[in-house]
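Colleague: Given next are the chains, with one letter for each unit.
Protein chains: 2
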Amino acid sequence: MAESDRNPFRFVCFIVSVALNIIFIANLCISRKALSWSARAAAEAEAVPSISCSGHGRAFLDGMIEYGKPVCECNACYGGPDCSQLLPNCVADADSGDPLFLEPFWMKHSGRSTVVIPRWHRMSYDYSDNSYISQELEKNIRKLHAITKNAVTDGRYIVFGAGATQLLNAAVYALSMNMSSPAKVVAEKPFYPVYKEQTEFFKAKQFEFHGDASFLRNGTSKTTENVIEFVASPNNPDAPADEDLMIFTMSKLTGHAGSRFGWAIVKDKNVYENMLQYKSLADSGTSKDTQLRALKLIKVVLENGGRGIYNFAYKTMRGRWTKLNHVLSLSKRFKLQEIPSSFCNYSRTVRGASPAFAWLKCTKEEDSNCYKVLHQEANILGREGSSFDAENHYVRLSLVKRADEFNLLLDRLEELVSKEEQNQTTRSS
Amino acid sequence: MAESDRNPFRFVCFIVSVALNIIFIANLCISRKALSWSARAAAEAEAVPSISCSGHGRAFLDGMIEYGKPVCECNACYGGPDCSQLLPNCVADADSGDPLFLEPFWMKHSGRSTVVIPRWHRMSYDYSDNSYISQELEKNIRKLHAITKNAVTDGRYIVFGAGATQLLNAAVYALSMNMSSPAKVVAEKPFYPVYKEQTEFFKAKQFEFHGDASFLRNGTSKTTENVIEFVASPNNPDAPADEDLMIFTMSKLTGHAGSRFGWAIVKDKNVYENMLQYKSLADSGTSKDTQLRALKLIKVVLENGGRGIYNFAYKTMRGRWTKLNHVLSLSKRFKLQEIPSSFCNYSRTVRGASPAFAWLKCTKEEDSNCYKVLHQEANILGREGSSFDAENHYVRLSLVKRADEFNLLLDRLEELVSKEEQNQTTRSS
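These protein sequences, in sequence, are chains W and P. Position 375 of the first sequence, counting from 1, maps to 361 under the numbering used here, and the rest follow consecutively. Position 188 of the second sequence, counting from 1, maps to 174 under the numbering used here, and the rest follow consecutively.
The list makes no distinction among identical chains, and a pair is therefore deemed to hold if it is satisfied within one copy or across any two copies.
Only pairs whose alpha carbons sit at most 30 Å apart, straight line, appear in this in silico BS3-like list of lysine-lysine:
no., residue 1, residue 2
1, Lys170, Lys191
2, Lys129, Lys55
3, Lys285, Lys55
4, Lys94, Lys55
5, Lys253, Lys125
6, Lys125, Lys55
7, Lys170, Lys182
8, Lys255, Lys189
9, Lys301, Lys318
10, Lys255, Lys191
11, Lys175, Lys191
12, Lys301, Lys238
13, Lys238, Lys358
14, Lys301, Lys347
15, Lys129, Lys238
16, Lys125, Lys94
No lab work stands behind these hints, which were simulated from the structure alone.
Use the sequences and the hints to build the structure in full.
Modeller: What follows is the structure in structure tokens.
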């Protein structure tokens, strides 16, 4: 007592310091225990994306490994160990609808959409209700349609599939199963090439692809015929859709095409049961890892009534469409499809167009294959009109890929259009 | 100096304490930064499985939520909020091959097999080599076959699928694509019911199910016929298999049936390309979330040359087979298939049998449907012989489910056999 009295301040400091020691040690023990088994996996998962790839690529957890570290996987037309080199003469690929324009949304977004899968998670074939379908996920999908007001789900059945791709086929099987004669599968042109390729590949006795759907409208169709029609719904529905069978995909909602997740909303109980049977015999249900990820992602989408991802996606795609229109407005040789502004049922506003794909027309008679013109004169890869059963004066350009890819497409188009101006100047001088 | 000299010990303690605090604070800052975005997901994932379900159930991350907490999902025949109640008169379900006997292996195992999926992980349809197949996973699968010595992979192609289920169908399409006449799909009985159900459901023009394969062996088959035969490989191969097309599934390797992952090893390039085309049109590739999980799980399997999971699985299944034999050895009415000990190519030892399924025979003439006998007299659900195109004197019992399920099956069989003894005693007295 006498001693400590001599240096009361020093004594208090000492006690406080020791007390802090105890708190830190206790905290360390508790936090070690709390994050025991996931800590290592989490640390590994965080280390990988932090590898620098110059903003033109990224490293992945399951990527190739060199010198003990995952290597950068570069965006198209970028190379080098850190993806900093722009590759010369590289083709501007605007073919596929790979929805990577949404990647930055998820890179910036909070940790809520990170998925941690415990090692014994859902090992069984079934969920505990003996189904292949997560009830929590189904519930959240119904919520999603309620807030986006794009489809009626009340009193409807929901089936999951490996993306829209699988569900398109499941639907054709399910709808044609109990028909008296083989069903004619049709779609109005220009249509998604997979409708035809898939229906023809799975050469079933009960259906066959029959091409363009126009015969249904021009009066040559017999009313007794069995017809299954693929209809691509408008980007911008003016009311909730209420069809017999509607197919949705996560790839076009959150951008996670690689996860392969989609769902169908089905009115008729028999068709629903046929689809379940298809699913059971095709692959015994959709991966439970994928369903867990879809649940996490859709929960993030639902935050703030969906405004976060809607605003990001609309702003990005509207910006791209505006830039593309600007570049092509200077051309006489190429013409972009005109899409008027319209009322959006979700945002409750009139808004400018923001399409995922651009239909470009080569206006000159001699440019009979617009795909080839772009490829040969501008090193651009689109998808030719004939793939969609449309004319080859048209070419489809994908606008949904990464910013690097869209910017390269824009540069190449700008160059192409400027050549057109130069030619005109040369001719008139 | 003079002052500190007075209490040198106290001074050193103080300095050490302060230094420790500095280290703790620095450590706290670093670890906070290191585990920023995954911490929340990891904490959530760890909280869920720690919910107590009395050892007869578990809570899942994507399970139903009540009062803000995921509810316990009870094992078959258990109920109550914490799964502690054994439900009376509940059927002992030994029908499906749900491989949950491996669940305890993964529950005990270190954190290495936990998967953390960053929110922007593999959003693209393709890997960076434009394929649907993770090269890292393919590399690890080749390693797996090298250490288990069960299949030749050198110079062979590998295709991924949603479990064996999808690959069986993909193989039938791929093999029959370029045939001149429809292929006859056959299998030797007793065969897996899905062979028939699947081939008949996907009523393709190019193949049809033709039942038992015995006609191939008894000389009535024309050599010019196109035949595709399903062959279930022995449990215990004596050399690496080297067939034209071999199918493997993760569900029977790690027990993760819910993930839907399998692979095919293919000799012929054309068949391989046909299978890739099937995969592309069926679902645009296997989920990248599933592929990441499969990679993690297979890496754990490969640790210590596979001994960890092999020892666990063999010990468990051998124990079950021994107990089952013991119970049924007392019966005259029921006879278990005899399986001799044999040399194991992987462990390099002669070992007793450890089958996944038990074939039980009702020996009495009047017990013509053994499935019904078990169901009516013992409340046991097996799978009847006719499902496998075999005789109904046989019933198949699944031994690969959870311990709770196996133990209930054993109890019910014990009761049934003891009734037999009682009847004998009654008759002889």
